[in-house]
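There are 2 protein chains.
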Amino acid sequence: MTSLPHSAPEGTPAIGTSVSADDFKRAFRGHPGGIAVITAYGENGPVALTASSVSSVSADPPLLIFSVSALSSATPTIIAADTIVVHLLDADDISLARAGATSGLDRFADTTTWSRLSTGEPVYHGVRAWLRCKVVSRMDAGGSTVIAAQALQVDVERDLEPGESGAALVYHNRAWHRLGEHSRLDD
Amino acid sequence: MTSLPHSAPEGTPAIGTSVSADDFKRAFRGHPGGIAVITAYGENGPVALTASSVSSVSADPPLLIFSVSALSSATPTIIAADTIVVHLLDADDISLARAGATSGLDRFADTTTWSRLSTGEPVYHGVRAWLRCKVVSRMDAGGSTVIAAQALQVDVERDLEPGESGAALVYHNRAWHRLGEHSRLDD
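From first to last, the protein sequence lines stand for chains A and B.
Going by the UniProt record's numbering, 119 is the number at position 119 of the first sequence; the sequence numbering is gapless.
Going by the UniProt record's numbering, 101 is the number at position 101 of the second sequence; the sequence numbering is gapless.
You may find that some hints are simply not true.
Since the list gives no way to pick out one identical chain from another, each pair is judged satisfied if it fits inside one copy or across any two copies.
What the hints assert, rightly or not - Restricting the straight-line Cα-Cα distance to at most 20 Å, the calculated cross-link-like pairs of lysine to any residue (SDA-like) are:
1. K134 with T111
2. K134 with I94
3. K25 with E161
4. K134 with E161
5. K134 with V123
6. K25 with G120
7. K25 with P76
Just so you know, the hints here were simulated from the structure itself, not pulled from any lab data.
Only a predicted model underlies this, so the values are computations on that prediction, with no experimental measurement involved.
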């Protein structure tokens with residue numbers, strides 16, 4: 001099925017038109033993503049949100065990108081921040097992933113689970129890996145904002161040997177999945 | 001372990017320094033990504049590459065982003081293109097994913113697997129979903145290029161009901177994985 005209006009004859013796609021939000025969502029519903037929780041410290045204290053859009057752009061210099069939706073209450077603080085912390089989660093961190101994706105929750109109520117770095121940013125303890133980053137670029141994109149950030153400091157709690165399956169966390173079609181040997185395809 | 005130089009005393013992180021390429025890669029090695037093959041038609045014919053960085057930014061307008069490395073031979077053509085096709089793959093498309101990730105391969109040798117749209121872009125047949133997109137922004141980022149694109153046309157071959165597991169394809173730590181009921185975590 002395509003995004004063409006039902007009134008258009010089949011086989012003659014309209015050129016240059018855009019697609020409906022519903023059809024775009026249908027295409028991406030089946031596209032999985034790794035999970036990160038992004039934090040920042042703003043005028044009103046710490047904020048956190050869960051994002052499935054974080055990806056590595058370049059290792060030298062160490063750059064990553066992600067996008068944040070205007071729908072999250074944490075977004076204005078993250079957009080305004082000079083520095084942020086990007087926590088890259090695995091399945092052992094699923095409670096944090098869920099908390100960052102649940103609106104109306106105080107994600108910092110349990111003060112034993114996080115602390116502030118000497119540079120001020122909030123960091124959650126015990127996650128697979130985190131990167132303290134400087135925001136280097138912000139781009140408005142249809143109600144969302146694309147942020148590019150350069151890593152200043154990295155901490156890898158659970159290291160993986162090349163090829164090791166680990167316990168990666170994936171979000172796909174509104175459900176959480178755990179990777180491992182059970183999900184691996186033959187080489 | 002952190003990215004601090006070995007000569008720095010533990011517990012006194014250097015502020016404002018960047019991290020090594022190796023440490024950055026270690027952090028992202030454990031971060032999984034969904035898989036897309038991106039095609040364009042250039043002066044020298046069709047090109048294709050496999051990317052794990054595609055993510056949806058906004059549904060209205062329908063915007064996505066991804067990054068391409070200067071290391072791929074297809075990259076200059078994709079950066080220069082006005083329009084591209086982003087194929088969102090699942091595990092049934094793994095042979096295409098592998099072809100787009102293998103250097104030196106003619107990804108268009110079998111002319112039964114692809115054709116050109118009336119608008120000129122190459123599209124592979126039978127993939128889970130594809131989106132014909134207009135490139136709306138390009139940003140240099142450390143030897144890679146971040147591209148934002150707006151969907152003009154979408155085709156979803158294999159639709160998923162909300163919550164359905166499907167057979168999503170994920171790349172993680174240099175291996176391919178297939179999502180399904182076997183990988184799903186309890187709600």
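Output the numbers, in ascending order, of every earlier hint that fails for this structure. 1, 2, 4, 6, 7
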